[in-house]
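Engineer: Residues per chain are reported as follows:
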Amino acid sequence: DQQVKQNSPSLSVQEGRISILNCDYTNSMFDYFLWYKKYPAEGPTFLISISSIKDKNEDGRFTVFLNKSAKHLSLHIVPSQPGDSAVYFCAANNFNKFYFGSGTKLNVKP
Amino acid sequence: DARVTQTPRHKVTEMGQEVTMRCQPILGHNTVFWYRQTMMQGLELLAYFRNRAPLDDSGMPKDRFSAEMPDATLATLKIQPSEPRDSAVYFCASGQTGQGSYEQYFGPGTRLTVT
Numbered sequence: 194d195q196q197v198k199q200n201s202p203s204l205s206v207q208e209g210r211i212s213i214l215n216c217d218y219t220n221s222m223f224d225y226f227l228w229y230k231k232y233p234a235e236g237p238t239f240l241i242s243i244s245s246i247k248d249k250n251e252d253g254r255f256t257v258f259l260n261k262s263a264k265h266l267s268l269h270i271v272p273s274q275p276g277d278s279a280v281y282f283c284a285a286n287n288f289n290k291f292y293f294g295s296g297t298k299l300n301v302k303p
Numbered sequence: 287d288a289r290v291t292q293t294p295r296h297k298v299t300e301m302g303q304e305v306t307m308r309c310q311p312i313l314g315h316n317t318v319f320w321y322r323q324t325m326m327q328g329l330e331l332l333a334y335f336r337n338r339a340p341l342d343d344s345g346m347p348k349d350r351f352s353a354e355m356p357d358a359t360l361a362t363l364k365i366q367p368s369e370p371r372d373s374a375v376y377f378c379a380s381g382q383t384g385q386g387s388y389e390q391y392f393g394p395g396t397r398l399t400v401t
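Protein chains in written order, with this note's numbering: chain A, 194 to 303; chain B, 287 to 401.
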């Protein structure tokens, strides 16, 4: 039973436009959410996070939005760059146990 | 530049053989995680340790998988006997959790193929 779901396996976006990656979760006890980025043949790297007491966190081109009532998380990348092409995982924390989604492969076309 | 290291990077073995994967966490990190990535399930948490003590291994098939941390610089994940369905990429990650920090640093992974 997956508690964190990324329903879009892939997303294709033109360079310079906005990329929106979505994540849904089922457990209302999750208190912290993270996004990781993964290139082929490498481990995931931390990108941005948000506490459950906030609804937005911004870091440069990356913004994470949290809608607790909808149990929905999204990552916005503006503007998208070809180097952003990777697999993006969302993750949620409950008592230091982490649950990951299955990933969304983002392709940013030049 | 502190990194999590994992060995081997690739392992091909026959069904029934024992497989041992090793991880060196970042010095000073108090928590070590083992994950498995498959096409269908994404990243699954297998087990994790805090201060070398196992806290949760509910994600592991107990009859064939075992995880240990013999010292602060080494974590191991062992599969005995291995089966073709164990073929996946296994990631180790470390972090300084429990103090308001949730970021994990991942190693490059061990790609396991069981034939």
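Just so you know, the hints here were simulated from the structure itself, not pulled from any lab data. All C-beta atoms, glycine included, are put in the ideal place defined by N, C-alpha and C. You may find that some hints are simply not true.
[As the list claims (entries may be wrong)] Just a sample of chain B residues kept apart from chain A, beta carbon distances all over 10 angstroms, derived:
no.: 1; residue: Leu331
no.: 2; residue: Phe351
no.: 3; residue: Arg371
no.: 4; residue: Pro394
[Said to hold, decoys possible] Once the Cα atoms are required to be at most 27 angstroms apart in a straight line, the calculated DSSO-like pairs of lysine-lysine come out as:
no.: 5; chain 1: A; residue 1: Lys290; chain 2: A; residue 2: Lys198
no.: 6; chain 1: A; residue 1: Lys230; chain 2: A; residue 2: Lys198
no.: 7; chain 1: A; residue 1: Lys264; chain 2: B; residue 2: Lys297
no.: 8; chain 1: A; residue 1: Lys198; chain 2: A; residue 2: Lys247
no.: 9; chain 1: A; residue 1: Lys198; chain 2: A; residue 2: Lys264
no.: 10; chain 1: A; residue 1: Lys298; chain 2: B; residue 2: Lys297
no.: 11; chain 1: A; residue 1: Lys264; chain 2: A; residue 2: Lys249
no.: 12; chain 1: A; residue 1: Lys230; chain 2: A; residue 2: Lys290
no.: 13; chain 1: B; residue 1: Lys348; chain 2: A; residue 2: Lys264
no.: 14; chain 1: A; residue 1: Lys249; chain 2: A; residue 2: Lys261
no.: 15; chain 1: B; residue 1: Lys297; chain 2: A; residue 2: Lys230
no.: 16; chain 1: A; residue 1: Lys298; chain 2: A; residue 2: Lys230
no.: 17; chain 1: A; residue 1: Lys264; chain 2: A; residue 2: Lys302
no.: 18; chain 1: A; residue 1: Lys290; chain 2: A; residue 2: Lys302
no.: 19; chain 1: B; residue 1: Lys348; chain 2: A; residue 2: Lys198
Engineer: For each hint, tell me whether it holds in the structure or not.
Structural biologist: Evaluation of the provided hints:
1. Annotated as non-interface, Leu331(B) brings its C-beta within 10 angstroms of a C-beta of chain A; the closest such distance is 6 angstroms.
2. The claim that Phe351(B) is not at the interface with chain A holds, since no C-beta of that chain comes within 10 angstroms of its own (minimum 17 angstroms).
3. With a cut of 10 angstroms on Cβ distances, Arg371(B) stays outside the contact zone with chain A, its closest approach being about 18 angstroms.
4. Not every CB of chain A lies more than 10 angstroms from the CB of Pro394(B), the least distance being 5 angstroms, so the non-interface label is violated.
5. At most 27 angstroms may separate the alpha-carbon atoms for a hinted pair to count; Lys290(A) and Lys198(A) meet this at roughly 16 angstroms.
6. Under the criterion of a C-alpha separation no larger than 27 angstroms, the hint pairing Lys230(A) with Lys198(A) is consistent with the structure, at around 16 angstroms.
7. Annotation: proposed proximity of Lys264(A) to Lys297(B) is violated, straight-line Cα distance about 39 angstroms (limit 27 angstroms).
8. Taking the CA atoms of Lys198(A) and Lys247(A), the gap is near 20 angstroms; set against the 27 angstroms cutoff, the hint holds.
9. Distance hint between Lys198(A) and Lys264(A) is fulfilled; the C-alpha atoms sit about 11 angstroms from each other, no more than 27 angstroms.
10. Between Lys298(A) and Lys297(B), the direct Cα distance comes to roughly 26 angstroms. Compliance with the 27 angstroms bound is thereby established for this hinted pair.
11. Between Lys264(A) and Lys249(A), the direct Cα distance comes to roughly 14 angstroms. Compliance with the 27 angstroms bound is thereby established for this hinted pair.
12. Restraint check: the Cα-Cα separation between Lys230(A) and Lys290(A) comes to about 19 angstroms, which is no more than 27 angstroms; the hinted pair holds.
13. For the suggested pair Lys348(B) and Lys264(A), the alpha carbons sit about 32 angstroms apart, so the restraint of at most 27 angstroms is broken.
14. Restraint check for Lys249(A) and Lys261(A): satisfied, since their Cα atoms lie roughly 11 angstroms apart, inside the 27 angstroms limit.
15. Under the criterion of a C-alpha separation no larger than 27 angstroms, the hint pairing Lys297(B) with Lys230(A) is consistent with the structure, at around 24 angstroms.
16. The straight-line distance between the Cα atoms of Lys298(A) and Lys230(A) is roughly 10 angstroms, inside the 27 angstroms bound, and the hint therefore holds.
17. Between the alpha carbons of Lys264(A) and Lys302(A) the distance comes to roughly 30 angstroms, so the proposed pair goes past 27 angstroms and is violated.
18. For the proposed pair Lys290(A) and Lys302(A), the alpha carbon gap of about 36 angstroms is over 27 angstroms, so the pair is violated.
19. At roughly 26 angstroms between alpha-carbon atoms, Lys348(B) and Lys198(A) fall within 27 angstroms of each other, so this suggested pair holds.
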